[in-house]
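Chains A and G are the protein sequences, given in the same order. If you're matching positions, the first sequence starts at 0 in numbering that gives the first Met the number 0 and goes up one per residue. If you're matching positions, the second sequence starts at 0 in numbering that gives the first Met the number 0 and goes up one per residue.
Just so you know, the hints here were simulated from the structure itself, not pulled from any lab data. The beta-carbon is built from N, C-alpha and C at its ideal position, and this holds for glycine as well. It is possible that some hints are incorrect.
Beta-carbon label-pair distances, calculated as ranges [stated by the list, open to error]: (1) E328(G) / A3(A): 53 to 59 Å; (2) K81(A) / A306(G): 25 to 31 Å; (3) E298(G) / H312(A): 48 to 54 Å; (4) E298(G) / E234(A): 41 to 47 Å; (5) T450(G) / K81(A): 36 to 42 Å; (6) T450(G) / Y22(A): 18 to 24 Å.
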Amino acid sequence: MRSADNVDTSALLLEQVNQALQYATPLRIQGANSKAFLGRSVPGEVLDTRGHRGIVSYDPTELVITARCGTPLMELAQVLDKAGQMLACEPPSFGAATVGGMVASGLSGPRRPWSGSLRDFVLGTRVITGHGKHLRFGGEVMKNVAGYDLSRLMAGSYGALGVITEVSLKVLPKPRQSLSISLELDTARALLRLAEWGRQPLPISAACHDGQRLHLRLEGGEGSVMAAHERLGGERLDASFWTRLNEHQLSFFDEGQPLWRLSLPNNTPELELPGEQLIDWGGAQRWLKSDAEASFIRTVVTEVGGHATCYSHGLVNSPFQPLPDALMRYQRSLKQQLDPQGIFNPGRLYAEL
Amino acid sequence: MNILYDERVDGVLPDVDKAVLLRTLRTRLPNLEVLHQREELKPYECDGLSAYRTTPLLVVLPRQLDEVQGVLRICHELRVPVVARGAGTGLSAGALPLEKGVLLVMARFNSILHIDPDARTARVQPGVRNLAISQAAAPYDLYYAPDPSSQIACSIGGNVAENAGGVHCLKYGLTVHNLLKIEILTVDGEHLTLGADALDSPGFDLLALFTGSEGMLGVITEVTVKLLPKPQTAKVLLAAFDSVEKAGRAVADIIAAGIIPAGLEMMDNLAIRAAEDFIHAGYPVEAHAILLCELDGVEADVHDDCARVRQVLERAGASSVRQARDEAERVRFWAGRKNAFPAVGRLAPDYYCMDGTIPRRELPGVLQAIAGLSTHYNLRVANVFHAGDGNMHPLILFDANQPGELERAEALGGQILELCVKVGGSITGEHGVGREKINQMCAQFNSDELTLFHAVKAAFDPGGLLNPGKNIPTLHRCAELGAMHVHMGQLPFPELERF
Chain A
0 MRSADNVDTS ALLLEQVNQA LQYATPLRIQ GANSKAFLGR SVPGEVLDTR
50 GHRGIVSYDP TELVITARCG TPLMELAQVL DKAGQMLACE PPSFGAATVG
100 GMVASGLSGP RRPWSGSLRD FVLGTRVITG HGKHLRFGGE VMKNVAGYDL
150 SRLMAGSYGA LGVITEVSLK VLPKPRQSLS ISLELDTARA LLRLAEWGRQ
200 PLPISAACHD GQRLHLRLEG GEGSVMAAHE RLGGERLDAS FWTRLNEHQL
250 SFFDEGQPLW RLSLPNNTPE LELPGEQLID WGGAQRWLKS DAEASFIRTV
300 VTEVGGHATC YSHGLVNSPF QPLPDALMRY QRSLKQQLDP QGIFNPGRLY
350 AEL
Chain G
0 MNILYDERVD GVLPDVDKAV LLRTLRTRLP NLEVLHQREE LKPYECDGLS
50 AYRTTPLLVV LPRQLDEVQG VLRICHELRV PVVARGAGTG LSAGALPLEK
100 GVLLVMARFN SILHIDPDAR TARVQPGVRN LAISQAAAPY DLYYAPDPSS
150 QIACSIGGNV AENAGGVHCL KYGLTVHNLL KIEILTVDGE HLTLGADALD
200 SPGFDLLALF TGSEGMLGVI TEVTVKLLPK PQTAKVLLAA FDSVEKAGRA
250 VADIIAAGII PAGLEMMDNL AIRAAEDFIH AGYPVEAHAI LLCELDGVEA
300 DVHDDCARVR QVLERAGASS VRQARDEAER VRFWAGRKNA FPAVGRLAPD
350 YYCMDGTIPR RELPGVLQAI AGLSTHYNLR VANVFHAGDG NMHPLILFDA
400 NQPGELERAE ALGGQILELC VKVGGSITGE HGVGREKINQ MCAQFNSDEL
450 TLFHAVKAAF DPGGLLNPGK NIPTLHRCAE LGAMHVHMGQ LPFPELERF
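Please build the complete structure, drawing on both the sequences and the hints.
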């Protein structure tokens with residue numbers, strides 16, 4: 000690997016954090032800023048993590064890769080691809096996403112219900128804390144229950160608990176066979192079928208419904224994929240569909256009405272909400288384009304056991320669904336313990352954090 | 000240093016007036032079953048790690064959730080430490096009671112509340128046994144994947160508290176990967192829901208933080224787990240090797256071939272012989288190591304994968320490869336492995352099971368070093384190994400009736416765990432730290448890291464009343480241990496190779 004791609008600037012990052020601690024300056028931790036549209040606006044000085052980059056170690060037979068936070072996600076994917084492996088949870092790159100931002104946002108792609116989430120693949124992290132220390136939690140082994148699981152806690156924390164400088168992730172071999180199909184089915188029937196198929200050992204690894212058609216990806220060995228294709232029928236679908244879905248490049252995601260992400264129990268029936276919907280994750284994640292009031296959307300999804308995140312920046316004061324009071328109190332308490340001066344991305348997740 | 004709670008280094012515990020506590024519990028929770036007499040308390044003095052025993056101040060056995068809440072509120076008011084316990088099968092003394100504390104037994108909450116076959120979830124009370132979930136899900140052709148070896152007895156609440164593993168972790172994950180939601184009570188009895196029926200929930204991922212937190216942050220009162228469709232078929236291959244190194248390389252080769260087995264287990268010669276004597280599984284007793292490789296899934300894929308794995312094993316130098324011909328033989332192959340602990344237990348009056356993890360590539364060196372330690376301490380060690388995910392279970396054989404043998408076994412065990420840390424692994428893969436590995440935590444984490452762990456604890460239990468003395472050592476304890484090492488002027492046993 001070229002040396003420009005492999006640079007350890009953690010000492011510099013640590014110094015910047017210590018300075019911020021000294022002057023109580025809030026920091027806006029930023030990689031490629033590819034997910035600026037998510038969460039609340041953060042005041043403060045930019046802490047650019049992109050200089051701290053490169054693959055620290057990768058041994059395909061150990062199924063673990065360790066990379067610094069500034070490493071572009073695309074670079075990581077390429078290195079894995081060469082060895083016939085992948086990040087099974089398919090984190091989106093929204094352009095130039097870095098590994099640090101990938102962990103901080105904790106987003107996963109179409110395979111998530113079957114593979115597990117980004118958080119599920121985190122084995123270890125190095126973190127600069129609100130006490131001005133550069134610490135290591137977890138490690139490079141699959142099983143590790145020593146101490147509290149601070150590594151997985153970092154996933155989806157939006158940088159509010161510390162600067163993630165390095166992460167070790169479990170990786171998996173790519174499936175031998177992958178085949179995408181699409182079937183004509185209305186939404187209600189598609190959801191019923193997905194529930195029925197979910198109880199069977201079918202090699203489905205992605206399922207998206209656009210209102211007219213159910214798109215499926217079948218992955219596994221040659222035998223199981225072919226057998227499932229024969230059984231389910233349908234037309235062949237170009238596999239790039241899943242990338243376009245993951246990266247929000249389908250026409251559904253074109254500018255227009257505000258975009259919401261609904262996270263729901265997978266067997267939730269069709270939701271009556273104004274606007275357009277696109278179902279992903281076999282029913283567990285639904286994209287909504289709607290002018291409906293945030294409170295209305297949230298009332299509807301809360302009733303069925305879900306929550307709603309606003310993906311249109313600046314539209315609502317709390318893009319992430321407000322938490323019950325007691326839960327927020329403990330989240331605040333955790334934030335205060337780990338970031339006592341409140342310098343890390345204050346307010347990005349919630350005004351109170 | 001003594002493993003039982005030591006107020007001098009573990010922190011002073013509040014003095015509790017047993018009579019006042021008992022009176023308060025009886026007045027405010029008249030239906031709560033409370034054990035307080037010596038002979039009643041005796042059965043609760045240890046968990047699955049029976050070498051360590053402490054008689055609890057009181058044992059409470061609630062049947063209603065409001066009783067659990069009541070107990071926590073009273074203990075919080077009176078400043079009484081609380082140790083929660085499920086089935087008591089844990090192997091790290093995580094549920095070891097305190098002389099000055101209440102033991103809160105959750106075993107009576109053993110109802111399966113709801114199986115939802117369409118959502119593929121089970122909502123259960125914390126005292127439900129691990130295996131009972133799969134049994135309840137079986138009519139829908141679903142099951143709960145994590146299968147710790149104690150699964151017929153261990154409870155799901157304990158599984159969550161310990162982030163329990165099993166033999167199928169490499170493919171199906173640990174407890175944390177198979178949970179959707181837990182209900183908990185905080186130290187002062189406040190109810191929180193962590194996680195959701197959806198696949199994620201907003202805010203910091205407290206579900207991940209609580210999983211494996213060993214009863215230090217809250218008491219689990221309900222658990223919702225994911226269920227999976229039962230694999231269509233499962234096949235197992237048994238390969239024999241004339242060296243442990245070859246077997247280790249074969250494991251890496253299987254992964255390199257792009258195959259993730261459902262289970263991949265290794266046993267060394269002492270373990271093979273013990274298991275064969277006990278179970279007659281048909282193991283090759285001359286082999287230096289055997290690998291058990293289970294492949295599951297759709298029939299056609301499993302068939303192909305078996306052929307691929309067989310080829311890999313043969314190329315890696317296996318002296319024999321046998322595929323179980325039928326279900327009976329598959330079960331017999333597994334029976335040897337699953338009974339390896341009791342089988343090894345027949346070789347000596349006592350055994351002590353370790354639980355370190357290492358990067359797999361370090362296996363040959365670590366096994367060699369363990370052999371060296373075994374000679375040094377003059378105690379036999381049998382090795383069984385979740386080879387797929389690098390989780391070793393060295394079993395140290397000893398006789399507690401021989402003066403000094405338990406101490407030697409502990410010292411040997413401690414050395415093995417520190418070795419695991421040195422090669423980039425962990426002191427515990429699935430059994431937890433509990434009280435057992437409290438000293439080794441000082442080897443795995445530095446004082447700044449431990450300080451951060453204490454900060455996490457303080458966010459949920461600032462008074463330190465939940466399971467004090469477990470999981471995270473005080474800096475004082477680590478300092479005293481460090482002083483002991485320095486006092487000796489060098490690392491113990493300098494003649495042993497370290498890497």
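Hint check results:
{"no.": "1", "hint": "E328(G) / A3(A): 53 to 59 Å", "result": "holds (57 Å)"}
{"no.": "2", "hint": "K81(A) / A306(G): 25 to 31 Å", "result": "holds (26 Å)"}
{"no.": "3", "hint": "E298(G) / H312(A): 48 to 54 Å", "result": "holds (49 Å)"}
{"no.": "4", "hint": "E298(G) / E234(A): 41 to 47 Å", "result": "violated (26 Å)"}
{"no.": "5", "hint": "T450(G) / K81(A): 36 to 42 Å", "result": "holds (41 Å)"}
{"no.": "6", "hint": "T450(G) / Y22(A): 18 to 24 Å", "result": "holds (23 Å)"}
The structure fails to meet hint 4 from the earlier list, while all remaining hints are met.
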